[in-house]
Amino acid sequence: MKAAPGALRAIPAAALEEAAGWFANLADGATTDADRKRLQDWLDAHPDHVRAWKRVEEVTGRFESVTHGGQPVRAALNLPRAGRRRMLKALSVLVAAGAGGLAALRLPWSQWRHDMALAHADHRTGIGETLALTLDDGSRAWLGSVSALDVSFSDSRRALSLLQGDLLVETAKDAVQPARPFTVAVRHAGLRALGTRFAVRSAQAQSRLDVFEGAVELTLAGSAETLVVRSGSQATFDAAHILATGQADPGRESWSRGILLTDGMRLDALIEELGRWHAQAMECAPEVCALRVAGAFPMKDLDRILGAVQKSLPVRVLREGAAVRIVAAPAAATQGRN
Amino acid sequence: MATDSRTDAVDVLYSDHYGWLRRWLQRKLGCAHEAADIAHDTFLRLLTHPVETPLREPRAYLTTIAHGLVVNHWRRLEIERAYLAALATLPEPLAPSPEARAETVEALVAIDAMLAVLPDKVRCAFLLSQLDGKTYAEIAAELKVSERMVKKYMANAMLNCVIAIENAAR
Numbered sequence: 001m002k003a004a005p006g007a008l009r010a011i012p013a014a015a016l017e018e019a020a021g022w023f024a025n026l027a028d029g030a031t032t033d034a035d036r037k038r039l040q041d042w043l044d045a046h047p048d049h050v051r052a053w054k055r056v057e058e059v060t061g062r063f064e065s066v067t068h069g070g071q072p073v074r075a076a077l078n079l080p081r082a083g084r085r086r087m088l089k090a091l092s093v094l095v096a097a098g099a100g101g102l103a104a105l106r107l108p109w110s111q112w113r114h115d116m117a118l119a120h121a122d123h124r125t126g127i128g129e130t131l132a133l134t135l136d137d138g139s140r141a142w143l144g145s146v147s148a149l150d151v152s153f154s155d156s157r158r159a160l161s162l163l164q165g166d167l168l169v170e171t172a173k174d175a176v177q178p179a180r181p182f183t184v185a186v187r188h189a190g191l192r193a194l195g196t197r198f199a200v201r202s203a204q205a206q207s208r209l210d211v212f213e214g215a216v217e218l219t220l221a222g223s224a225e226t227l228v229v230r231s232g233s234q235a236t237f238d239a240a241h242i243l244a245t246g247q248a249d250p251g252r253e254s255w256s257r258g259i260l261l262t263d264g265m266r267l268d269a270l271i272e273e274l275g276r277w278h279a280q281a282m283e284c285a286p287e288v289c290a291l292r293v294a295g296a297f298p299m300k301d302l303d304r305i306l307g308a309v310q311k312s313l314p315v316r317v318l319r320e321g322a323a324v325r326i327v328a329a330p331a332a333a334t335q336g337r338n
Numbered sequence: 001m002a003t004d005s006r007t008d009a010v011d012v013l014y015s016d017h018y019g020w021l022r023r024w025l026q027r028k029l030g031c032a033h034e035a036a037d038i039a040h041d042t043f044l045r046l047l048t049h050p051v052e053t054p055l056r057e058p059r060a061y062l063t064t065i066a067h068g069l070v071v072n073h074w075r076r077l078e079i080e081r082a083y084l085a086a087l088a089t090l091p092e093p094l095a096p097s098p099e100a101r102a103e104t105v106e107a108l109v110a111i112d113a114m115l116a117v118l119p120d121k122v123r124c125a126f127l128l129s130q131l132d133g134k135t136y137a138e139i140a141a142e143l144k145v146s147e148r149m150v151k152k153y154m155a156n157a158m159l160n161c162v163i164a165i166e167n168a169a170r
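Quick note, the sequences are listed as chains A and B, same order. Each residue of the first sequence is one higher than the one before, counting from 1 in my numbering. Each residue of the second sequence is one higher than the one before, counting from 1 in my numbering.
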């Protein structure tokens with residue numbers, strides 16, 4: 001068909017073909033930085049290459065819009081049920097992509113793979129939800145807001161994989177003897193429980209482990225560095241480094257009972273935490289970020305939490321539609337209210 | 001403008017043949033409502049995909065287009081049914097909203113159409129990769145072909161898809 005006057009001329013078939021070839025080179029997932037560099041060089045070589053690549057991304061974008069659909073989507077496209085998910089693979093791809101830089105070029109499939117793993121997770125929670133689970137060995141687990149967990153128990157191991165979000169675990173003595181190792185994989189490390197109660201959060205940039213009873217052995221995914229975190233302690237880490245250690249924070253398990261504990265938490269940290277549990281967009285002005293909040297609140301009662309913040313700190317909570325913004329209170333207004 | 005004469009030609013076709021086409025479709029589909037919709041879409045298609053007019057065999061031409069639309073219509077129903085049936089087996093909290101469902105069905109129909117021309121193995125390899133995140137090694141084992149063949153399938157599938165999108169954009 002002829003292009004309409006004024007429309008861009010058609011992308012040459014050769015460029016489309018090369019773009020499809022690049023896609024096939026990269027879609028296996030085991031891409032290296034060198035692969036991505038070569039793709040970037042090809043893109044830089046001609047504007048038609050960029051246009052052709054955009055078409056590739058349109059195609060992959062169509063899949064992106066249904067990746068959360070799970071089994072029904074598969075059924076509709078008349079496919080056999082998916083086999084065991086390749087969770088660890090998906091995560092390692094993400095980590096590699098993160099370390100490799102190349103931010104300008106989005107490689108959507110690594111993200112879809114992650115999304116796919118989330119969509120197919122054995123257990124998932126939405127915003128503000130928690131889920132209490134009793135595992136086959138009698139261990140208990142709680143999933144926090146916007147979290148996803150895979151459970152894989154076999155004759156030789158009790159393996160959990162926290163794909164994202166918050167997990168609190170209370171391990172039980174294994175009925176099988178000798179006891180099978182109890183492990184939790186998170187984005188940045190493998191954890192091995194040594195008879196214990198602990199909480200772990202897996203986030204994009206870093207993860208955090210708080211141990212309340214017993215101990216957990218942590219092995220970083222990138223550097224294989226290990227650390228045993230004992231009862232009452234916490235460690236914050238990414239795939240390569242232990243970033244911080246300190247006292248365990250009771251607030252990191254209280255969410256399982258629906259309680260937000262803000263024991264001297266910075267306001268920006270509180271806002272971030274609330275953002276995980278509530279759908280509203282929330283932010284605080286830079287000048288009030290470092291103020292600290294103390295108290296225990298029902299996690300779900302946003303009005304009450306924000307009301308308490310406004311009452312106890314020199315701030316004003318502004319509601320703009322569904323968004324929440326916390327700013328410094330004018331001096332007079334603060335006095336007037338208190 | 002050129003579009004005016006094209007619109008005029010479609011107007012003539014419409015007044016001469018719309019009623020006939022609608023009845024033809026109604027016999028085929030057994031539903032007056034769907035028949036009217038598809039007859040309407042057939043003429044819409046003539047406006048957006050212009051052909052040389054006057055047509056020598058207008059009714060043959062119209063029924064060819066209409067037949068294609070009927071096939072698409074059935075395919076859409078099939079996809080929608082399969083999707084909704086599978087959804088019905090999910091626990092309540094995981095069920096998407098009606099809007100999200102409608103969007104997903106649209107996306108599925110688009111994907112299905114994009115993949116329609118592909119041979120089974122190529123289509124299957126592409127979906128295993130893009131929906132399941134499987135590696136080429138896994139896909140190769142599942143389809144009993146070599147990894148190199150999987151890579152060829154992937155390039156072939158993507159090329160067909162980008163061409164379909166590129167043509168639709170013209």
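Do not take every clue at face value.
Stated by the list, open to error - Reference listing, derived: stretches of chain A covered by chain B, where coverage requires no fewer than 3 residues with Cβ under 8 Å from a Cβ of chain B: (1) 55-61; (2) 217-226.
What the hints assert, rightly or not - Cut-off 27 Å, straight-line C-alpha distance, at most; resulting in silico cross-link-like pairs (DSS-like, lysine-lysine): (3) B/Lys-121 <-> A/Lys-54; (4) A/Lys-37 <-> B/Lys-151; (5) A/Lys-54 <-> B/Lys-28.
It is worth saying that the hints were derived from the structure and are not from the lab. Predicted model only: the values in this text are computed from it and were never measured. Ideal placement from N, C-alpha and C gives every residue a C-beta, glycine not left out.
Do the hints match the structure? See the list:
1. Look at the region 55-61 of chain A against chain B: 5 of its residues bring a Cβ nearer than 8 Å to a Cβ of that chain, three or more, so the hint holds.
2. For the region 217-226 of chain A, the stated coverage by chain B is violated: 0 residues have a C-beta nearer than 8 Å to a C-beta of that chain, whereas at least 3 were required.
3. Proximity of B/Lys-121 to A/Lys-54 is assessed by CA-CA distance (about 25 Å); at most 27 Å being required, the pair is judged to hold.
4. Taking the CA atoms of A/Lys-37 and B/Lys-151, the gap is about 20 Å. The hint holds against a cut of 27 Å.
5. A threshold of 27 Å between alpha carbons decides the hint, and for A/Lys-54 with B/Lys-28 the separation of about 41 Å lies outside it, so the pair is violated.
This entry does not satisfy hints 2 and 5, going by the numbered hints stated previously.
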